[in-house]
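Here's the letter readout for the chains.
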Amino acid sequence: MNGSKSPSGSPGVSSSPSTTARPGTSASLATSPNMNPRELGTYTKNTWCPGCGNFSILSAIQTVLASMHDEGYPLENVVIVSGIGCHAKISDYLNINSFYSLHGRTLPVATGIKLANPDLKVICFSGDGDSLAEGLDHLIFAAKRNLDITLILHDNRVYGLTTGQYTPTSPLGFKGKSTPMGTEELPMNPIELMLVSGATYLARGYTHGIDLLRKLFRDAIMHKGFSFVDTLQVCVTYFNMYETYNKRVYEVQGNDASSFDEAMKIARSWDYNNMEAPIPLGKFYDIDKPRFDQVFPGYEPHPVDRDAKIREVLDSLI
Amino acid sequence: MDSFSALIGGIAGDGINEAGVTIGRILNQLGYRIYMYYDYPSLIRGGHNSSLVRASKSKIAAHEEMVDVLIALNQDTLKIHKLRLKENSFIIYDQDKVTAGGLKQKGCGLPITSMLKEEGAPPIMRNSCMIGALCKVSGIPWDVLELVLTKHVPKALELNLNVARKGYDSAVEFFKVNKLDQPPLPIVQGNQAIALGMIKAGLGAYVAYPMTPSSSLLDFVARAASDFNLKVVHPENEIAVILIAQGFAYEGVKAAVGTSGGGFCLMTEGLSLAGQAEMPIVIILGQRTGPSTGLPTYTAQSDLHFALNAGQGEFPRFIVAPGDAEEAYYWSGVAVNMAWKYQIPSIILSDKIVSEGVYSFDQAEAGEIKEELASLWMGEGKYNRYQYTKNGVSPLAFPPVKGQAVKVDSYCHDEYGVTTEDGRITSDMTDKRLLKGKSLAEEMAGHDTVKTYGQGRTALLCWGSNKGVCQEVGEKLGLKTIQVLVLSPFPAAKLYEALKGVDRVISVECNATGQLASLARCYGYRIDREVLKYSGRPFSLEDLEADLKKALSREVRA
Numbered sequence: 011m012n013g014s015k016s017p018s019g020s021p022g023v024s025s026s027p028s029t030t031a032r033p034g035t036s037a038s039l040a041t042s043p044n045m046n047p048r049e050l051g052t053y054t055k056n057t058w059c060p061g062c063g064n065f066s067i068l069s070a071i072q073t074v075l076a077s078m079h080d081e082g083y084p085l086e087n088v089v090i091v092s093g094i095g096c097h098a099k100i101s102d103y104l105n106i107n108s109f110y111s112l113h114g115r116t117l118p119v120a121t122g123i124k125l126a127n128p129d130l131k132v133i134c135f136s137g138d139g140d141s142l143a144e145g146l147d148h149l150i151f152a153a154k155r156n157l158d159i160t161l162i163l164h165d166n167r168v169y170g171l172t173t174g175q176y177t178p179t180s181p182l183g184f185k186g187k188s189t190p191m192g193t194e195e196l197p198m199n200p201i202e203l204m205l206v207s208g209a210t211y212l213a214r215g216y217t218h219g220i221d222l223l224r225k226l227f228r229d230a231i232m233h234k235g236f237s238f239v240d241t242l243q244v245c246v247t248y249f250n251m252y253e254t255y256n257k258r259v260y261e262v263q264g265n266d267a268s269s270f271d272e273a274m275k276i277a278r279s280w281d282y283n284n285m286e287a288p289i290p291l292g293k294f295y296d297i298d299k300p301r302f303d304q305v306f307p308g309y310e311p312h313p314v315d316r317d318a319k320i321r322e323v324l325d326s327l328i
Numbered sequence: 273m274d275s276f277s278a279l280i281g282g283i284a285g286d287g288i289n290e291a292g293v294t295i296g297r298i299l300n301q302l303g304y305r306i307y308m309y310y311d312y313p314s315l316i317r318g319g320h321n322s323s324l325v326r327a328s329k330s331k332i333a334a335h336e337e338m339v340d341v342l343i344a345l346n347q348d349t350l351k352i353h354k355l356r357l358k359e360n361s362f363i364i365y366d367q368d369k370v371t372a373g374g375l376k377q378k379g380c381g382l383p384i385t386s387m388l389k390e391e392g393a394p395p396i397m398r399n400s401c402m403i404g405a406l407c408k409v410s411g412i413p414w415d416v417l418e419l420v421l422t423k424h425v426p427k428a429l430e431l432n433l434n435v436a437r438k439g440y441d442s443a444v445e446f447f448k449v450n451k452l453d454q455p456p457l458p459i460v461q462g463n464q465a466i467a468l469g470m471i472k473a474g475l476g477a478y479v480a481y482p483m484t485p486s487s488s489l490l491d492f493v494a495r496a497a498s499d500f501n502l503k504v505v506h507p508e509n510e511i512a513v514i515l516i517a518q519g520f521a522y523e524g525v526k527a528a529v530g531t532s533g534g535g536f537c538l539m540t541e542g543l544s545l546a547g548q549a550e551m552p553i554v555i556i557l558g559q560r561t562g563p564s565t566g567l568p569t570y571t572a573q574s575d576l577h578f579a580l581n582a583g584q585g586e587f588p589r590f591i592v593a594p595g596d597a598e599e600a601y602y603w604s605g606v607a608v609n610m611a612w613k614y615q616i617p618s619i620i621l622s623d624k625i626v627s628e629g630v631y632s633f634d635q636a637e638a639g640e641i642k643e644e645l646a647s648l649w650m651g652e653g654k655y656n657r658y659q660y661t662k663n664g665v666s667p668l669a670f671p672p673v674k675g676q677a678v679k680v681d682s683y684c685h686d687e688y689g690v691t692t693e694d695g696r697i698t699s700d701m702t703d704k705r706l707l708k709g710k711s712l713a714e715e716m717a718g719h720d721t722v723k724t725y726g727q728g729r730t731a732l733l734c735w736g737s738n739k740g741v742c743q744e745v746g747e748k749l750g751l752k753t754i755q756v757l758v759l760s761p762f763p764a765a766k767l768y769e770a771l772k773g774v775d776r777v778i779s780v781e782c783n784a785t786g787q788l789a790s791l792a793r794c795y796g797y798r799i800d801r802e803v804l805k806y807s808g809r810p811f812s813l814e815d816l817e818a819d820l821k822k823a824l825s826r827e828v829r830a
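Chains as they are written, first to last, in the numbering used here: chain A, 11 to 328; chain B, 273 to 830.
A couple of the hints might just be wrong.
If we take Cβ atoms under 8 Å as the criterion, some of the chain A residues that face chain B in the derived model are [what the hints assert, rightly or not]: (1) Asn105; (2) Ser111; (3) Pro118; (4) Leu146; (5) Asp147; (6) His148; (7) Lys234; (8) Ala287; (9) His312; (10) Ala318.
Listed below are the simulated DSS-like cross-link pairs for lysine-lysine, each with C-alpha atoms no more than 25 Å apart in a straight line [unchecked claim]: (11) Lys723(B) with Lys331(B); (12) Lys748(B) with Lys822(B); (13) Lys55(A) with Lys654(B); (14) Lys131(A) with Lys319(A); (15) Lys423(B) with Lys378(B); (16) Lys131(A) with Lys654(B); (17) Lys351(B) with Lys378(B); (18) Lys448(B) with Lys329(B); (19) Lys358(B) with Lys448(B); (20) Lys358(B) with Lys319(A); (21) Lys154(A) with Lys55(A); (22) Lys331(B) with Lys427(B); (23) Lys427(B) with Lys319(A); (24) Lys225(A) with Lys185(A); (25) Lys642(B) with Lys319(A).
So, partial list: chain A residues that the calculated Cβ filter (under 7 Å) puts toward chain B [what the hints assert, rightly or not]: (26) Phe151; (27) Leu222; (28) Lys319.
Note that these hints are calculated values from the structure, not bench results.
C-beta atoms are modelled at their ideal positions from N, C-alpha and C, and glycine is treated no differently.
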């Protein structure tokens with residue numbers, strides 16, 4: 011049983027998840043007392059507001075996880091990490107490995123998990139305040155390292171749990187509780203930022219487009235490298251953008267996702283501020299680049315006699 | 273002679289630290305026990321650096337103000353350190369750069385700069401020449417120097433040996449350092465001892481952002497990473513550091529982080545997470561002079577209360593303050609074991625003196641470290657990450673675990689690990705976490721968490737790096753020394769035992785407010801006097817002796 015292995019830095023700790031099941035062998039549902047891919051919900055009461063875009067994200071990810079299971083990928087090899095905010099409750103709503111971390115801190119936790127065991131699929135769910143304000147440093151560095159993890163940004167462009175303040179993606183003039191006269195700063199374009207920071211998969215989804223959302227989530231999770239899905243998630247209570255989004259969004263077609271320049275052009279075609287501009291959805295960028303978890307030393311642990319090595323070090327210091 | 277002190281000084285970039293260690297290694301070969309204090313400002317080139325090497329027949333962890341030999345690579349060294357000269361001290365200097373006029377001590381000036389030029393050697397080799405002269409002056413046979421240089425000079429050995437030989441041949445014997453009948457020991461930096469102790473206890477990953485005095489720990493483990501199969505990460509900041517460590521812990525990899533006060537400020541958010549989420553992590557907090565940036569390369573013991581109280585909310589933590597290399601090694605191993613046994617943060621509270629100080633290290637004397645097994649889930653039924661147990665410790669499991677979800681949560685949570693705002697579960701879970709602290713305290717009753725040295729009705733109360741200086745001065749003045757090693761859980765009962773027969777207590781600390789004294793007072797102990805030093809410099813033997821005599825005489829008059 012995996013639960014009985016030694017919690018040490020010695021080899022074996024980062025053992026391959028293939029000990030549980032390999033693609034194609036399919037973990038049987040009968041032997042999964044606590045994880046049913048068809049019923050990934052927990053006993054926790056869902057407290058999102060009716061009509062919240064988070065429901066679409068939850069539903070899309072459940073479908074993606076179930077399909078991964080059906081293709082033989084054991085779901086115990088998936089770990090989700092969430093920050094703090096409405097989005098983060100997703101950890102409580104999914105019966106799957108989770109680390110419900112701190113505001114803005116999904117990525118460093120995910121980094122540790124992935125470096126400890128590169129065979130796991132690590133998926134971060136984060137908010138726009140979470141990743142773009144409190145934890146922006148981690149976001150840029152995760153992209154820079156091109157670590158093989160996925161970040162799904164619940165981008166509702168408002169702080170929900172703290173009841174309605176502006177975020178880094180709120181449009182200029184947004185009247186939130188902390189900015190009653192309207193904000194005086196332009197929004198940030200997270201996709202543009204991720205592109206220049208080194209992310210290797212970039213997409214935008216919308217919670218009123220569940221098929222595309224599923225496709226993008228799946229694509230991002232399967233991508234090898236740092237993948238980022240900006241998900242326009244509507245907050246019905248504090249910033250209801252359904253009408254605007256429904257009118258403006260369109261799916262990009264036939265774009266060359268291997269082109270940095272083309273991805274930049276698409277990313278810049280909407281600046282999160284202009285309410286009249288068309289809003290592109292879909293996959294903008296998808297390239298292959300060396301990954302941090304591949305080049306990180308210690309990826310393939312080798313057995314060492316620690317006592318002998320300590321003696322060797324001490325002898326060298328005499 | 274049984275004890276010997278030498279100071280070598282020059283500018284940053286002269287290799288003064290390494291030169292001091294080389295002198296230590298030479299005396300080590302003669303059977304002496306070594307302690308070195310390295311004093312340097314926060315800059316890369318220029319300024320004034322000095323290494324004060326002390327050798328003694330028995331184990332030491334303190335420096336003397338006065339030196340037997342002063343080695344001056346520049347004029348500043350003489351100017352700054354001439355007060356350290358005794359009547360019979362000896363001065364070695366580069367006569368191309370330094371004039372020793374006006375000093376009555378004997379000395380020898382060597383035309384080192386020109387000697388190097390003759391050999392075609394770079395200026396950094398002035399050290400080898402000086403050390404060659406030092407060996408001759410102190411009657412140390414050439415072959416000892418040759419042995420040390422051959423083992424430790426990484427490049428241009430032959431040239432170094434030639435230069436050293438020139439220095440050796442140009443100087444004259446002034447006194448004789450006798451060989452002792454003791455084997456040499458490894459000469460380690462405190463940070464190396466901390467690293468090796470943690471490695472012995474099963475360390476799997478080290479995560480840090482550089483910060484003096486803990487940077488050399490990161491450097492050491494980064495170089496040793498492949499030898500010990502360690503994952504070493506230097507991420508964007510200390511906030512990431514402590515969270516990456518918890519990502520490792522989630523997967524069962526024993527991780528440690530190292531920093532100083534400023535970095536620890538950034539870590540407090542993650543520290544509190546470790547408290548709530550019950551994540552085992554080890555934090556090396558190397559104290560330096562604060563507040564804020566303070567004196568980056570100087571020492572202090574002013575973060576005790578910060579370490580005790582950092583992080584919102586209430587949760588148990590293990591804090592240990594080692595006082596020399598053996599304690600640094602042994603207790604760092606214990607810190608790893610306690611973090612994993614009780615799923616709590618463990619803090620190794622070091623300072624510039626312990627972390628960057630250089631010591632003779634006796635592994636056998638330090639004590640045996642064994643990697644202790646954490647409580648692991650046996651794989652029956654449904655896994656509950658935060659299961660209630662008799663000692664508060666829930667069995668651990670690390671993904672992937674077939675058919676099970678391992679749920680960790682920073683919110684108040686139930687046994688399974690999902691968020692709850694239920695009042696009763698909230699207080700039950702708080703009790704569960706505090707119960708781990710009680711279990712840890714019970715376990716600590718079996719450890720030497722308080723050590724005493726010598727006898728006397730007056731006791732010196734100390735912690736951390738002041739152990740060595742208190743022990744020596746205490747012995748000289750007939751005072752008992754009481755060292756509190758574990759600060760949390762506070763060993764009140766052990767301190768009670770140590771204070772039996774003592775009627776006067778003087779706390780000795782490198783801070784301005786007497787932090788251990790006030791902690792002890794919280795537990796009802798009377799501390800009569802506080803001898804405090806907060807200039808960023810450690811107590812020397814002479815310093816402490818003078819301060820104690822003053823404190824004791826004041827008391828007599830009162």
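Quick check: which numbered hints come out false for this structure?
Structure breaks hints 4, 7, 8, 10, 14, 15, 20, 21, 22, 24, 27.
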